[in-house]
Amino acid sequence: MNPTQPVPTLDIQGLKITLPGTARPVLDGVDLTVRAGETVALVGESGSGKSLTSRSALRLLPPGAVVEGAVRVGGEDVLAMDADRLCGVRAGSVAMVFQDPRAAVNPLRRIGDFLTESVTLTGATSRTDATARAVELLGAVGLDESVLRKYPGQVSGGMLQRVVIAAALMGDPVLLLADEPTTALDVTSQAEVIALLATLRERFGTGLLFVTHDLDLAAAISDRVHVMYAGRIVETGPAEDLFARPRHPYTAALLASTPRMEGPRGRLAAIEGQPPDLREPLHGCAFATRCPLATEVCDQRAPLPAAAPGRPEHRAACHHSDLLEGSAVDA
Amino acid sequence: MPENGPRNVLEVRGLRRAFGAVRAVDDVSFALPEAGSLGVVGESGSGKTTTARIVVGLERADEGEVLVRGRSRTGRGRTGGRAARLARAREVQMVFQDPYLSLDPRTGVEAALRETLRLHFPGRDHARRVRELLDQVGLGTRAADALPRQLSGGQRQRVAIARALAVEPAVLVLDEAVAALDVSVQAQILNLLADIREQTGIGYLFITHDLGVVRCVTDEIVVMRHGAVVEQGRTQEVLTAPGHPYTRLLLESVPRPGWDPQAIAAARRALQGVSAK
Amino acid sequence: MTAVLTRRPGLARIRATGSPLHLLCLGLVAAVVLAALFAPLLVPYDPNAVDLGNALAGPSAAHPLGVDAAGRDTLSRLLLGARTSLLGPLGVVVFSTVAGIAVGTAAAWRGGWVDSVLSRSTELVFAFPGMLLAILIISVYGEGLLAPVIALAVAYLPYVSRLTRSLVLAERARPYVSAYQVQGHSAVQICLRHILPNIAPVVLAQSTINFGYALMDLAGLSFLGLGVPALTPDWGRMVFDGQTAIQHGYPLSAILPCAFMVLTVVAFNVVGERWADRVARRDR
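Protein chains in written order, with the working numbering: chain A, 1 to 331; chain B, 1 to 277; chain C, 1 to 284.
Bound conformation, chain A alone (with noise of 0.2 Å):
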């Protein structure tokens, strides 16, 4: 590891992922960092194997799974631990935030049980100490004292899911994993939600790992945007070069196929056609057959991650990404 360079939190090397029944790897060569204080998202449509990665940092894996590759937490790989250490990343280090906070919950129990019941379990720390925690955190999260003794039902959606982020920090985790944590609120709580996991990240400087199927959302929030497809990250960027200058067909797809505020009314762009079958293997690129810059090569070969001209830190796998540049896709 390089000395002058920090551990990042996370880093998925080379992650490659087969499920029992399919034709292909449903992760295939996954790459992606995230360091102290960082926001990455990840940006896919379903199936895309956008929530198998982030799980994977926990080692939340299918049952039949064959992983190849490495997931270090903090400099650890989580693939290679034993099952003790395991559970300590699991109850401390990183933490997960859910997509539909009420499936998170269980209603019949008080709030403030739910906050303390991870930390008190492990015996670490004594049930008073926890509550004085949950209060603090429950202050970070814009909330007081009364819910501790409220019941999930009694607060709205996006107050309990400030409940699980709240419940997510008990253990000051290096590592929040957040699953579509908004898909399930409205948007203006979605607003709030966003807000409050931006000030968490600079106050307690955890790395976060937004998953989300909504590029806007991820190119609003984060640093860096992972774009999924099919298993294979195919395009990787600061947001705004994303945004402005796509340099994969697919990420330039997804952007015209959404309905915007902005932008002319009527027809969207849409992308024919379905993702690939799991259950037929992939040759060459996995958006080739949707793909109308698609040439023989596409195919026949996979192409490989390759950084734009003067943008180290934007890469993008397509064999044509030099064609895209300069048409300006609605952005």
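A hint or two may mislead.
Quick list of simulated restraints, FRET-style, between CB atoms [to be verified]:
{"no.": "1", "chain 1": "B", "residue 1": "Ala228", "chain 2": "A", "residue 2": "Met261", "range": "19 to 29 Å"}
{"no.": "2", "chain 1": "A", "residue 1": "Asp299", "chain 2": "B", "residue 2": "Arg118", "range": "38 to 48 Å"}
{"no.": "3", "chain 1": "A", "residue 1": "Val66", "chain 2": "B", "residue 2": "Gln199", "range": "47 to 57 Å"}
{"no.": "4", "chain 1": "C", "residue 1": "Asp277", "chain 2": "A", "residue 2": "Pro238", "range": "45 to 55 Å"}
{"no.": "5", "chain 1": "B", "residue 1": "Gln199", "chain 2": "C", "residue 2": "Pro201", "range": "26 to 36 Å"}
{"no.": "6", "chain 1": "B", "residue 1": "Ser72", "chain 2": "C", "residue 2": "Arg193", "range": "44 to 54 Å"}
{"no.": "7", "chain 1": "A", "residue 1": "Arg35", "chain 2": "B", "residue 2": "Leu58", "range": "50 to 60 Å"}
Think of the hints as simulated: they come from the structure by calculation, not from any bench.
On a predicted model such as this, the values are computed, not experimentally measured, just so you know.
Here a beta-carbon is modelled for each residue, glycine too, at the ideal position from N, C-alpha and C.
Given the coordinates of chain A, assemble chains B and C onto it according to the supplied hints.
For chains B and C alone, kept in the frame of chain A given last:
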């Protein structure tokens, strides 16, 4: 036709519905012109879904009226036999949010369409009509034999649209019909809906929380909050120059580059503070 | 929302964990049913042919399972007894399933006072022991298979109706039911064509489990001398008739029907439980 000029295919007058002490729908009125597209926008708890359910007849209204082509479908005509039920079905049809739950898991695509056709148009050539409908929603004949679980989310939503169109209704209510779909599939379905409206002149009542979708597919818009209408007008005008602070907040909440979630959160709290008093 | 099948605690523990047990039980169920169907062709002797001179003889070439205290062939009585012993529970299950589904569906679909009346009255039946109800009805209507079958069917009805009610409530909340309503289908059509086929596997699994219990209950009644007429071969009746044989040290004619009953009940339960588990797993 008794009147001249542009007619309203759907008219909602003074709808009210309370669940206990909660006024879910509170004096809601709007009109949908022939072959028009009207968006009803709001967050959860705004009453937009209850309004839609009253319009299609899944929920009753405490007060108010729903008229289709000038004829009331609430009140006296509500009860009645088979003929009245079928007539009501031919006025308004609905496409539901979740394509995974809105089709009977045991009924195949063609069987589902035939069932509807048998009910509404007995004695016609159903095989041809089924092919027509599948073609209209961009599904091949190969999909005809499939069960819902063999189809993707987008394909299921196409089936749901085909089934609604089979009744040949005057108005189609789309309750968050694209919210559960992936962005690329969502665009396909929105384009499909635009094509169908062009071809058939059906009216759309679009229930959604997504302002991007509303801007893309509707001519007029109704903004609802806490069961009441806070603003309505031409979509283009309301979205470029919102009159009500709540509409402004909704607009600002849509994520975009350079978006400031802190400011929106503050504005939201301010607005809640005002309405709480 | 998942529906919970009602299983009596003791037998619910016998689970078909491995598939060999399940296959064995499936085979046993098939064998018993076939034996009952073809019993008249298979029996070597008239089951009521009394041969007092040969009473309590052990197994021999002529009587492979021996004879009872009255000299009747045990094998013939077992085979023909399978008919009454299966027919009775079948009647109980068919009646309780059909009526239970009707009551449960009506209660769930209509809701309101219909639901209250139907649910409260079935709960009333719950509070009254099934066997007691059966004995009561038999004492009024006298001997015969019909009275105990109806009595037990009424006693088993609440298990089915309660399950059906919860399943229909869950199914009704699914948007596809609303979709059919919007399309103009009548409530009866929606229930018969769409809701019932979707909940049928779970309800039928419950009925299979009920079958085993009904078999035991009916055998218990005929052991007490209630229900089945004296001369009709029946497993429960055979155990009763065999009591004297046990006292004389020839237990075979009493023990065999017992063993058959236990095996049949266990087999039906294992098959039903397995079915229920598979249905539960396949469901969502």
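Exercise. Go ahead and decide if the range 44 to 54 Å is satisfied by the Cβ distance of Ser72/B to Arg193/C.
Key: This hint is violated: roughly 30 Å between Cβ atoms.
Quiz item: Does the Cβ-Cβ separation between Arg35/A and Leu58/B fall within 50 to 60 Å?
Solution: Once the Cβ atoms are compared, 51 Å apart, the range 50 to 60 Å for Leu58/B and Arg35/A holds.
Quiz prompt | Cβ distance range 19 to 29 Å for Ala228/B and Met261/A, holds or violated | solution = Given range 19 to 29 Å: holds, Cβ gap about 24 Å.
Quiz item: Can the suggested window of 47 to 57 Å be confirmed for the beta-carbon pair Val66/A and Gln199/B?
Solution: holds (50 Å)
Exercise. Using the beta carbons of Asp299/A and Arg118/B, state whether their distance is inside 38 to 48 Å or not.
Key: holds (46 Å)
Exercise. Starting from the hint 45 to 55 Å, judge whether the C-beta atoms of Asp277/C and Pro238/A obey it.
Key: Holds - the Cβ-Cβ distance for Asp277/C and Pro238/A, about 52 Å, lies within 45 to 55 Å.
Quiz item: Is the distance from the Cβ of Gln199/B to the Cβ of Pro201/C consistent with 26 to 36 Å?
Solution: violated (42 Å)
Violated hints, in rising order: 5, 6; the structure is consistent with all others.
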